[in-house]
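Chemist: Go ahead and model the full structure; you've got the sequences and the hints to work with.
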Amino acid sequence: MNKPGKDVDKRERIVKRIAQELRDGFYVNLGIGMPTLVANYVPPGIDVILQSENGMLGIGPFPVEGQEDCDLINAGKETVSEMAGTAYFSSADSFAMIRGGHIDLSVLGAMEVDEKGNLANWMIPGKMVKGMGGAMDLVAGARRVIIAMEHTTKDLQPKILKKCTLPLTGVKVVNTIVTEMAVMQVTPTGLVLEEVAPGLNADDVQRLTEARLILSPDLKTMGS
Amino acid sequence: MNKVVANADEAVRDISDGASIMVGGFGLCGIPENLIRALVRKGVKNLTTMSNNAGVDGFGIGLLLAAGQIRKHVGTYVGENKLLEQMVLQGKVELDLVPQGTFSERIRAGGAGIPAFFTPTGVGTMVAENKETREFDGRTYVMEHALKADFALVKAWKGDKWGNLVYRKTARNFNPMMATAGKVTIAEVEHLVDVGELEADLIHTPSVYVNRIFQGESYEKRIEKRTTRKAS
Chain Z
1 MNKPGKDVDK
11 RERIVKRIAQ
21 ELRDGFYVNL
31 GIGMPTLVAN
41 YVPPGIDVIL
51 QSENGMLGIG
61 PFPVEGQEDC
71 DLINAGKETV
81 SEMAGTAYFS
91 SADSFAMIRG
101 GHIDLSVLGA
111 MEVDEKGNLA
121 NWMIPGKMVK
131 GMGGAMDLVA
141 GARRVIIAME
151 HTTKDLQPKI
161 LKKCTLPLTG
171 VKVVNTIVTE
181 MAVMQVTPTG
191 LVLEEVAPGL
201 NADDVQRLTE
211 ARLILSPDLK
221 TMGS
Chain U
1 MNKVVANADE
11 AVRDISDGAS
21 IMVGGFGLCG
31 IPENLIRALV
41 RKGVKNLTTM
51 SNNAGVDGFG
61 IGLLLAAGQI
71 RKHVGTYVGE
81 NKLLEQMVLQ
91 GKVELDLVPQ
101 GTFSERIRAG
111 GAGIPAFFTP
121 TGVGTMVAEN
131 KETREFDGRT
141 YVMEHALKAD
151 FALVKAWKGD
161 KWGNLVYRKT
171 ARNFNPMMAT
181 AGKVTIAEVE
191 HLVDVGELEA
201 DLIHTPSVYV
211 NRIFQGESYE
221 KRIEKRTTRK
231 AS
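So the sequences go chain by chain: Z and U. Residue numbers for the first sequence follow our numbering, beginning at 1 and rising by one. Residue numbers for the second sequence follow our numbering, beginning at 1 and rising by one.
Among these hints, one or two may not hold up.
To be verified - No more than 25 Å apart at the CA atoms, straight line, and that leaves these computed lysine-lysine pairs for DSS-like:
hint	chain 1	residue 1	chain 2	residue 2
1	Z	K127	U	K72
2	Z	K154	U	K72
3	U	K92	U	K169
4	U	K131	Z	K130
5	U	K72	Z	K130
6	U	K131	Z	K116
7	U	K230	Z	K16
8	U	K42	U	K72
9	Z	K163	U	K131
10	Z	K154	Z	K130
11	Z	K154	Z	K127
12	U	K82	Z	K127
13	Z	K116	U	K221
14	U	K92	Z	K127
15	U	K221	U	K169
16	U	K92	U	K82
17	Z	K130	Z	K163
18	Z	K130	U	K82
19	Z	K130	U	K42
20	Z	K172	U	K131
21	U	K230	Z	K130
22	Z	K6	Z	K154
Please keep in mind that the hints were generated in silico from the structure rather than gathered at the bench. Here the structure is a predicted model, which means the values were calculated and not measured.
Modeler: What follows is the structure, encoded as structure tokens:
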């Protein structure tokens with residue numbers, strides 16, 4: 001089976017594809033880790049305004065060396081910069097914005113997603129619990145939730161399941177799953193496979209997915 | 001009315017063992033550095049700290065942890081602090097993790113006279129266990145209660161001698177809500193100015209909430225992750 005290569009290539013494929021979902025005027029929250037890379041692929045000619053849960057709307061790029069400001073960080077605690085149109089506000093206002101349904105799109109990672117759109121991404125019992133941060137609010141409040149993740153674990157175990165086994169972040173919150181192998185939509189009838197990575201077919205994807213995939217009648221190649 | 005105190009040690013003079021303390025900041029951004037150091041010097045024990053994060057090893061709330069002064073921590077994400085992990089596993093510190101939006105709103109409610117509220121966050125997860133849920137317009141919400149503290153330690157960029165506060169950029173975060181929810185609110189500021197110097201339209205925390213204010217010193221303002229791009 002032809003499996004997409006190195007981790008960096010996998011990540012790039014995933015975030016590039018998610019960036020294609022961005023529309024002009026979207027207010028978007030990108031989770032820490034892989035989701036932040038979506039910002040590198042915003043289609044030219046459209047305005048996408050990034051929201052950071054710690055109280056910033058309109059996040060600029062990493063600052064030039066020497067211009068780092070300790071009072072100016074993103075949710076991942078990395079130094080960032082302002083842009084024209086940036087606004088600052090408190091954490092209560094930030095989560096009112098999130099919970100109140102004002103954010104168009106939330107992109108997050110996952111440990112597990114299941115066919116009903118349940119998401120588990122904050123805790124592994126038995127290991128130290130680091131905390132859920134803003135994830136539970138984001139999935140409860142955002143208008144649309146896209147998961148950016150690798151299709152399987154390092155040991156090739158499925159992460160897209162019939163039913164999540166780990167403690168949940170949210171119930172029926174996921175709309176779309178994008179992996180290096182496929183794009184899938186959560187629907188009332190189940191998980192629909194809409195796109196498959198170049199060089200793969202539906203069987204390749206199903207073999208590494210525990211949930212039963214419904215084939216879209218318009219099944220096509222990812223990103224085409 | 002005189003709310004100005006000389007320094008951090010003066011400011012924490014009546015904080016005693018067993019107190020509950022809200023501490024502003026997101027990561028290391030916007031933390032009341034002077035007040036934290038003063039608490040370490042004072043040596044008060046069995047504290048319940050409420051803060052989004054738990055500092056890092058050797059800085060911020062991490063200093064109170066290392067000195068064994070914290071009995072319980074309420075926060076939303078503590079992954080940066082390895083010592084906290086150990087102390088929780090050893091049963092030395094109790095840890096209560098709350099979703100960040102719920103944490104923010106509980107504090108806001110605490111200062112705003114709202115005893116409890118309903119939120120969709122955490123419904124169907126561990127967070128909602130043993131809590132009342134209710135349906136509104138066909139959606140399930142979980143009831144959460146207000147959070148208040150004996151003391152709120154906040155950090156602002158500028159403050160006047162009445163306690164009007166202005167925050168700077170993302171150093172704002174939890175400070176405004178915590179300022180309202182402490183029985184006693186202590187503010188440390190980088191610039192203490194005379195009443196009348198702050199533009200009224202631009203005040204973030206009105207003076208009514210602040211009991212004590214002082215000008216901080218020797219700010220380290222540590223950066224947790226220094227990420228940069230190349231100059232083009």
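Chemist: If any of the earlier hints don't hold here, list their numbers in rising order.
Modeler: The structure breaks hints 2, 3, 13, 19, 21; every other hint is satisfied.
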